Amino acid sequence: MGAVIEVSELSKRYGSKMAVDHLSFTVRPGQVTGFLGPNGAGKSTTLRMILGLDAPTTGSATVSGVPFHRHPRGLRHVGALLDAGQVHGGRSAAAHLSALARSNGIPRRRVGEVLHEVGLAEAANRRIGGFSLGMKQRLGIATALLGDPPVLMFDEPINGMDPEGVLWVRRLFRRLAAEGRTVFLSSHLMSEMENTADQLVVIGRGRLIAAESVRDFAARGTRSSVVVGTPQVAELAAVLTAAGASVEPEGSAGVERLAVAGLPADLIGALAFDNGIQLSELTTRTASLETAFMELTAESTEYQAGQPR
Amino acid sequence: MTTLTSAPRTISVTAPPARFRDLLSAEWIKTRSLRSTPWTIALTLLFVIGSSAVATLADKAAPSGPADFRPYDAYPPAGYWTLILVAGSMGALAVVSEYSSGLIRTTTVAVPARGSIVLAKAVVTATLWTVVGATASTGSFLVSQAVLGGHHAGFPITHPGVFRALVASALLAPVCALVGLGLGVLLRHAAGTMVTSVFALVMLPPMFSETSRWSADIKHALVSAAWNRLIQTWEPEPGSLAHTATVPGSWTVYTLWPLITVALAVLVVKHRDV
Chain A
8 MGAVIEVSEL SKRYGSKMAV DHLSFTVRPG QVTGFLGPNG AGKSTTLRMI LGLDAPTTGS
68 ATVSGVPFHR HPRGLRHVGA LLDAGQVHGG RSAAAHLSAL ARSNGIPRRR VGEVLHEVGL
128 AEAANRRIGG FSLGMKQRLG IATALLGDPP VLMFDEPING MDPEGVLWVR RLFRRLAAEG
188 RTVFLSSHLM SEMENTADQL VVIGRGRLIA AESVRDFAAR GTRSSVVVGT PQVAELAAVL
248 TAAGASVEPE GSAGVERLAV AGLPADLIGA LAFDNGIQLS ELTTRTASLE TAFMELTAES
308 TEYQAGQPR
Chain B
1458 MTTLTSAPRT ISVTAPPARF RDLLSAEWIK TRSLRSTPWT IALTLLFVIG SSAVATLADK
1518 AAPSGPADFR PYDAYPPAGY WTLILVAGSM GALAVVSEYS SGLIRTTTVA VPARGSIVLA
1578 KAVVTATLWT VVGATASTGS FLVSQAVLGG HHAGFPITHP GVFRALVASA LLAPVCALVG
1638 LGLGVLLRHA AGTMVTSVFA LVMLPPMFSE TSRWSADIKH ALVSAAWNRL IQTWEPEPGS
1698 LAHTATVPGS WTVYTLWPLI TVALAVLVVK HRDV
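Residue numbers (the working numbering), protein chains in the order written: chain A, 8 to 316; chain B, 1458 to 1731.
Derived from the structure by calculation, the hints contain no laboratory data.
Here the structure is a predicted model, which means the values were calculated and not measured.
It is possible that part of the hints are untrue.
Simulated pairs of lysine to any residue, SDA-like, Cα-Cα distance not exceeding 20 Å [as the list claims (entries may be wrong)]: (1) Lys1727/B with Thr64/A; (2) Lys1727/B with Pro74/A; (3) Lys1727/B with His76/A; (4) Lys1727/B with Pro79/A; (5) Lys1727/B with Tyr1556/B; (6) Lys1727/B with Leu1560/B; (7) Lys1727/B with Ser1573/B; (8) Lys1727/B with Thr69/A; (9) Lys1727/B with Gly66/A; (10) Lys1727/B with Val73/A.
Given only the sequences and the hints, what does the whole structure look like? Please build it.
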C-alpha cells in the first residue's frame, strides 16, 4: 500500500465565500493525478489544506493516513511546489536548497543531485532573484524532490516553461509515477493533462465535478456526434429522427450537413443506403478533453470575460 | 515501455529523528547566505564604535570631572539608538522577508512544526546579535578608554557599574533583535513591523518623563530606558525629585520584552494559516 492522499468533506470558508465546499477525493500512488479547475476554483486552497498550511473550516485531509502537519519534518513525506516565487531572491539556488535540506537532516549531496536533475547545476551559485520564471519552476521542482518523498504535489508547474521544459517536466512526472509515487498535479489547462495524467480530479467553485480516469472523463463530457453531408437533407433528417436520433442542421446552403447525436456512424450509413439517400460525408466527431472540461465547468467558472452585466 | 510496467519500487520513509540542532543550522545557512548580513553588521559596528570615540573626544569635562561619569561616554545614545534600530529591523527582516516572499510556505512544508521554526530563528538571531552587541560594546569601552587614557583619566573594568554597563550595552542588540523578530511574526507586514518596532523601542520612551510616578513607571518598562539606567555607573541622588528605575527592574524589562514577544509569536503561529 503506497502513500495515498485522502481528502474528506474538506471545506474552507473565507468570510461569506466558500473557497472549498465539502470536497472529497482520493489520490493513489503509481499514477499521475491531474487536479483541474478554472481559475479561482479552489485548487490552491485545497493543496494548502492538504499540506497543513491552512486549517480547514470543516473536514480533513490526510497523506498516508496522517494529517501532514503532524510530521515534525515534512520533506521526506511530501514534496511540494506551490508557487515558484516562494523563495528569497537574495540567496543562491544552492544556499536555498542547502538550508531546506539541513532542516530535514537530508545529506548535502542531495542538493547537487536535485539541481543536476532539474538542469540547474550551472546556475547553482547564482542569486535566485536573477532567475526566469521557468528556472524558478525548476528550482521549485528540485525543492520537491529534495527529500525523495513518496508523494509529490505541484501547483501549475508548467507556467513560464519553454516547450523543451514542458516536455521534460511531463517525462519527469510520468517517471515519478512509474516509480510508485503519488503525483498530484494542478492546472487550469486541460491540454496539459491530456498527455500527462492518468486520473483526474475536476473541481469548480470549490465543489467536486468529477473524479475518474482521463478516458472516462473525455467520454462522458460531450455526447459524441456524427456529421453527415448529403444533398437530401430533409429526407435524411426524417429517417434519422424516426430512428431515434436527434438531428441539428449545420453548414451553409449548398454544403448542407447534419450533426447527428444518438446513432453511430455505421448505422446512419446503413439507414441512408436502405432509404436510397446519397451521402457526401460521414464523420464521427469525438469530444476532446478540452471540450469535456469546458462543458463541465461552464457553470462553475468564477471569472468570465465579456459577460454583460 | 518496459520501464513503466516494471513493478513499482517501494518508497520507504526512513526519516532521521527531527533535531532542533538541524533547524538551527538551517537558519544559520539562511542568515549567512544573504550578502546584506555581513555588510549591515560591519557598518553598524563601525558607526557604534566610532560614535563612542567621538563622544569621548568631545567631552572636555570627562578627564577632570567626577570619575563616575567617565564610563558613560563609551555608550552615547546616537550610536546605541542606531544599534537598536538596526538590530530591531534585522530581527524583524529575518521573518518578514519570508512572509513577504511566500518563502514561509516552503519553509513550513519542510518543517510543519511551526513553533520550532520561530524558536530556531530566535536562537540564531539572538546568538548573532549577542556577538555583534558584545563586539560593539567591548569596542566602545576600549576606544573610550584609549581616549581617556591619553588624559590619564582611564578607569578599570572593575570600577562599580562599568562591567554592568558593558554587559547591558552588549545585550541591547539581541533584546531588540528578538523584539523585532517577535513583532515580525505577529504583524508579517514589512512596513508595519518596522514602524511598530521603531516606535516601541525608540520613539516611545522620550514621550514619558520621570517627574510623575505613573509616567515614570511606563518609561521604566521600556527597553531603551532600561538600557539607560543600566549604563549609569552612578547611583541616583537620594533627594532627587525624579523617579529613577531600579537596576533589577531594568534587567527584568530586558528579559520580559523579548520573552513575551517571542512567546506570543510561537503561540500565534500555531493557530494561524500560513
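Hint check results:
Between lysine 1727/B and threonine 64/A the CA atoms are separated by roughly 16 Å; this keeps the pair inside 20 Å, and the hint holds. Taking the CA atoms of lysine 1727/B and proline 74/A, the gap is near 15 Å; set against the 20 Å cutoff, the hint holds. Restraint check for lysine 1727/B and histidine 76/A: satisfied, since their Cα atoms lie roughly 10 Å apart, inside the 20 Å limit. Between lysine 1727/B and proline 79/A the CA atoms are separated by roughly 13 Å; this keeps the pair inside 20 Å, and the hint holds.
A C-alpha spacing of about 15 Å is found between lysine 1727/B and tyrosine 1556/B, which places the hinted pair at or below 20 Å, so the restraint holds. Taking the CA atoms of lysine 1727/B and leucine 1560/B, the gap is about 17 Å. The hint holds against a cut of 20 Å. Restraint check for lysine 1727/B and serine 1573/B: satisfied, since their Cα atoms lie roughly 10 Å apart, inside the 20 Å limit. Taking the CA atoms of lysine 1727/B and threonine 69/A, the gap is about 19 Å. The hint holds against a cut of 20 Å.
Between lysine 1727/B and glycine 66/A, the direct Cα distance comes to roughly 19 Å. Compliance with the 20 Å bound is thereby established for this hinted pair. Straight-line distance between C-alpha atoms of lysine 1727/B and valine 73/A comes to about 18 Å, which keeps the hinted pair within the 20 Å bound.
Of the numbered hints listed earlier, not one is contradicted by the structure.
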